[in-house]
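Engineer: Assemble chain B onto chain A, guided by the hints.
The primary structure of each chain is shown beneath.
There are 2 protein chains.
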Amino acid sequence: MEVTRKNFKDCLSAVYSAIDEADFLAIDGEFSGISDGPNVSALTNGMDTPEERYAKLKKHSMDFLLFQFGLCTFKYDTEASKYIIKCFNFYIFPKPFNRASPDIKFICQSSSIDFLASQGFDFNKVFRHGIPYLNQEEEGRVREQAEERRNQQANGAATPSYISPSSKGPAHVPEEHKDFISRVIEKVDGLFTNSEKTVELEPCTGFQRKLIYQTLNWNVDVLCLVCLQKERYIQISKVDDDERKRREQQKLEKEQEELNDAVGFSRVIHAISKSGKLVVGHNMLLDVMHTIHQFYCPLPQDLQDFKEVSMCVFPRLLDTKLMSSTQPFKDLIPITSLAELERRLKLAPFKSPKTAEGFPRYDTAQEQLHEAGYDAYITGLCFISMANYLGSFLTPPKAHISPRSKLMEPFFNKLFLMRIIDIPYLNMTGPDLRPKRDHVLYVTFPKEWKTSDLYQLFSAFGNIQVSWIDDTSAFVSLSQTDQVQIAMNTSRYAESYRIQTYAEYMKGRRQNKDVNSQPDQSWGEEGWVNHTNVTLGKRSISPNQADQGAGEAQATDGWNQSSHPDGMGNKKLKTDETDSAC
Amino acid sequence: MEVTRKNFKDCLSAVYSAIDEADFLAIDGEFSGISDGPNVSALTNGMDTPEERYAKLKKHSMDFLLFQFGLCTFKYDTEASKYIIKCFNFYIFPKPFNRASPDIKFICQSSSIDFLASQGFDFNKVFRHGIPYLNQEEEGRVREQAEERRNQQANGAATPSYISPSSKGPAHVPEEHKDFISRVIEKVDGLFTNSEKTVELEPCTGFQRKLIYQTLNWNVDVLCLVCLQKERYIQISKVDDDERKRREQQKLEKEQEELNDAVGFSRVIHAISKSGKLVVGHNMLLDVMHTIHQFYCPLPQDLQDFKEVSMCVFPRLLDTKLMSSTQPFKDLIPITSLAELERRLKLAPFKSPKTAEGFPRYDTAQEQLHEAGYDAYITGLCFISMANYLGSFLTPPKAHISPRSKLMEPFFNKLFLMRIIDIPYLNMTGPDLRPKRDHVLYVTFPKEWKTSDLYQLFSAFGNIQVSWIDDTSAFVSLSQTDQVQIAMNTSRYAESYRIQTYAEYMKGRRQNKDVNSQPDQSWGEEGWVNHTNVTLGKRSISPNQADQGAGEAQATDGWNQSSHPDGMGNKKLKTDETDSAC
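These protein sequence lines map, in sequence, to chains A and B.
As numbered in the UniProt record's numbering, residues 1 to 582 make up the first sequence, in order.
As numbered in the UniProt record's numbering, residues 1 to 582 make up the second sequence, in order.
Because the hints were derived from the structure by calculation, they are not lab data.
Warning: the hint list may mix true and false statements.
Chain B side only, calculated, beta carbon under 10 Å to chain A, not exhaustive [to be verified]:
#	residue
1	S32
2	G33
3	D36
4	F106
5	I107
6	N124
7	Q511
Far from chain A, some chain B residues (derived; all Cβ distances over 12 Å) [stated by the list, open to error]:
#	residue
8	K9
9	Q327
10	N489
11	T490
Derived pair list, reagent style SDA-like, types lysine to any residue, alpha-carbon separation capped at 20 Å [what the hints assert, rightly or not]:
#	chain 1	residue 1	chain 2	residue 2
12	A	K210	B	T451
13	B	K447	A	V142
14	B	K59	A	D63
15	B	K178	A	N463
16	A	K210	B	A42
17	A	K6	B	A117
18	B	K210	A	Q152
19	B	K125	A	S118
20	A	K178	B	L332
21	B	K447	A	Q152
22	A	K450	B	A146
23	A	K354	A	D23
24	A	K178	B	F461
25	B	K210	A	D114
26	A	K447	B	F461
27	A	K210	B	K125
28	A	K450	B	R149
29	B	K178	B	C204
30	B	K125	A	D114
31	B	K507	B	M488
We put the CB at the ideal spot given by N, CA and C, even for glycine.
Here chain A stands alone, though its shape is the one from the complex:
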């Protein structure tokens, strides 16, 4: 079901009850861009620490707009042995709801916009009919302001004094408008001496309108007048006490409704959060970050604080990209982009789940990938197929595995980390993996160098993996740790390039950071070894993922192949990859 500002209020109770009755939820977001700083390959360096990755995404991805949000609710019907699915595709836009509300600025990235355009994305629907929202701080402030305004008006109305507007005009009416304003005052004064209930003022400019309001406010705060803007005219009416009270009550109700309208889509996120239900997404770190940033609060500086906020908002998360690249799925699923995952899960040994849609909407035969609602739908189906596959290992085998099953636990609250070679996921409920990286070198070189130059430089050391940092530096992982010292020795007299061990590099960074007093001590040389122990302890909790280090899934798959057509290669490789006559 498509939800815009036009039908949002009518849909809201259907959304609430779909969330209430669901066994789990699937979500997906579409954004106006990915990175406003480095290109995506630099944004997602293969040797990032979780702290670095979070800091980069926070810095370079949060000024984009989450402008489409997909929510699918999945409820298992035990008797019919199938899932009842309800899908909502929300269009989101921060339409300022009045002059005091925040005037949000957001960035668009041409490549992302162009990609969505090529998929038929409807920008008019977003910008014309998108549902507004407020984060919690904005909501609080707006409600406070409304309260204050009401109090002021109530106090004003209680004051019994009445000064005729003509008795003391404000001092600041410019000379050329004085005639106009005195005609207005005369008319308004007339209201109290004749039997008319209403006068219409002559047409005026915005500036003159401002003067009128000031003049009347200045003198007749408590005068029983109602000023209605009627096209370009101002109509002024005399009303009695009852009528004034009735109008005030009406105004109050209207104001409350407008405030709720302004909170808008945030109410859906609040409902998801309050339900505490399992929320499934595919490569969902950015979705979670954007959702919190846009509808709750600015993201915290620190990764640990982010994890805590996230767990408050979404107490149980599951990332199908992480699940599918973890055993026992990893060996069966070579490519984990959502489209490829869906394709693979239709084949044996997997089984497509039996489903029925709460409302007619999506048809998996007809691809609508990159519409948030459809992607959420597919994500939910993929989760069910994988969950049910785990049931085949039980004795006796079970065809349906509940999302609440113990079998799901190893996958809870671990968010896939794109392209990090040796840290497959962000652990939302504990410390992250801390691989040793003692086979990794930090290399700096002239900016003309390409990947092939690095391969040549390290050709004696067998297979290597290159993670570009920028034009003049990269991490190079050797396959054998014992070759690190040899590589270091051979580089000693090199002039064009320079090699450091990963530990040396991190130590230098830490010292640098200490000077700039930014908090990131956890990857220092000493803390490192300690953390590795913690890590090993942590690993044993989910043994399935013990071999999650090869990084194949990350390397072969673009950024969820979503929102960014350029997600695949890095700059240096790209130049080698022209489809050209050769």
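Structural biologist: Chain B in isolation, oriented as in the chain A frame:
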């Protein structure tokens, strides 16, 4: 005529010849926002110096996208005594044209987007079918890169060596892909031993495709192969020398055409610039700034440099907002927003010009304001009406005044400055007006203060004008210079607020700037008096504008009432101006 990426190439020659034959051109732009920093009233402070205003617009307005550009060409048909008009409404979007081209990020301001949406603006047309563009630096770089690539390939092709791909595989194929790659090599080798001209490789991932290109490049740079990407497959063909040359020629031509396509809409601006014709706009400073910034080069730091660049790009500019707020029009035209101006110029003593449209498109009876092409059209018509009105003062009176007439000269190259009380325009071909401002006070106060507090504070001094700077400071202009000293004296013991003369304030700013070494000495206390003399000398050139100081036009007119619904009030006034029961 509506021009998008789809018909741009077909329209280009029509655009060129319309520019060539025109007597003058009218332009207008629509942007994705106005200010990414302060609100519009702070962005356009009534006491800005021209340098300050330029610096603020450059800093806070240039990251928005000019996404619709209107161009109307006006050619006078002497025999029929009427103008032939051709209008083009271009949709603009920086679609990245290949992987190496810049991936532009631009900002959207919700209020502006919402305003355009309410006017029926078609965002899908912009984002799906917008015409791309490159500025001059980007164009140069892209052409250089193409040249380099060609040279490299030419050199590669000249090398006679041929090494069979199987003889020395690259060292860096990951273990798990080695089988796949050796199957590829086998197939390609096969091409040279059997009679097939083409092989299709098995389906592969993006990463495997990368490996294939590397493998083949590594060894078979000069092998006569053409690699075509065919959906998810790679097809490899064996071709002879003639065929290879033909394909290379084809490729070169295609590349050149793609480059021209990438330069895209910038070619229209180049043609306007090259024509040297009079370019008319309404409140056009931002249009000129955006046009140069987007299609020529990043804006210079310094206002003087900006004027020089502008005069290179547009040697003759005329701003109808400035013209209409200058004598003899000022007294006849109370409101100078484009819509009001158009309405007024349909009435006596003005005459609507006789026109014929080159192509059927716009009808002034049916308003399409805020479409760039329509706004440019109206702007041109307003210019003609005003120009012809000047002819009525001649003896004998003339009904048609050419845009090249001497009567136009006072209006050339002066761009309207929004809401600056005493400097009506930016003088593009000389020093700007330097009013003395010795009746102006700089006041700081608690952030709770509103405009009414300032009126009260200065109530003894008659009429004042308030120009808000931020929450805690404003400029206050007294009507009498001799009251400045009295105001200063009475404020001496005040605790809640503080008053400085304008000269003191500017001196403080200059000293502050010297510390931060930013260039802006021109408004220092000493230079100031000197400049005033220059100013007076300059004023005598266009006597019509001698009384352009009252700022009425600026104060009563919103930001061209275009692109920004909120342009009218400032924050402090707004709270006084609620349309409420009072």
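Engineer: Take the hints in turn and mark each one as holding or not.
Structural biologist: Evaluation of the provided hints:
no., hint, result
1, S32, "holds (8 Å)"
2, G33, "holds (7 Å)"
3, D36, "holds (5 Å)"
4, F106, "holds (6 Å)"
5, I107, "holds (5 Å)"
6, N124, "holds (5 Å)"
7, Q511, "violated (30 Å)"
8, K9, "holds (19 Å)"
9, Q327, "holds (16 Å)"
10, N489, "holds (20 Å)"
11, T490, "holds (16 Å)"
12, K210(A) x T451(B), "holds (12 Å)"
13, K447(B) x V142(A), "holds (19 Å)"
14, K59(B) x D63(A), "holds (18 Å)"
15, K178(B) x N463(A), "holds (12 Å)"
16, K210(A) x A42(B), "holds (18 Å)"
17, K6(A) x A117(B), "holds (14 Å)"
18, K210(B) x Q152(A), "violated (68 Å)"
19, K125(B) x S118(A), "holds (12 Å)"
20, K178(A) x L332(B), "holds (19 Å)"
21, K447(B) x Q152(A), "holds (18 Å)"
22, K450(A) x A146(B), "holds (18 Å)"
23, K354(A) x D23(A), "holds (15 Å)"
24, K178(A) x F461(B), "holds (17 Å)"
25, K210(B) x D114(A), "violated (24 Å)"
26, K447(A) x F461(B), "violated (67 Å)"
27, K210(A) x K125(B), "violated (38 Å)"
28, K450(A) x R149(B), "holds (15 Å)"
29, K178(B) x C204(B), "holds (13 Å)"
30, K125(B) x D114(A), "holds (12 Å)"
31, K507(B) x M488(B), "holds (17 Å)"
The structure does not agree with the numbered hints 7, 18, 25, 26, 27 stated previously, though it agrees with the rest.
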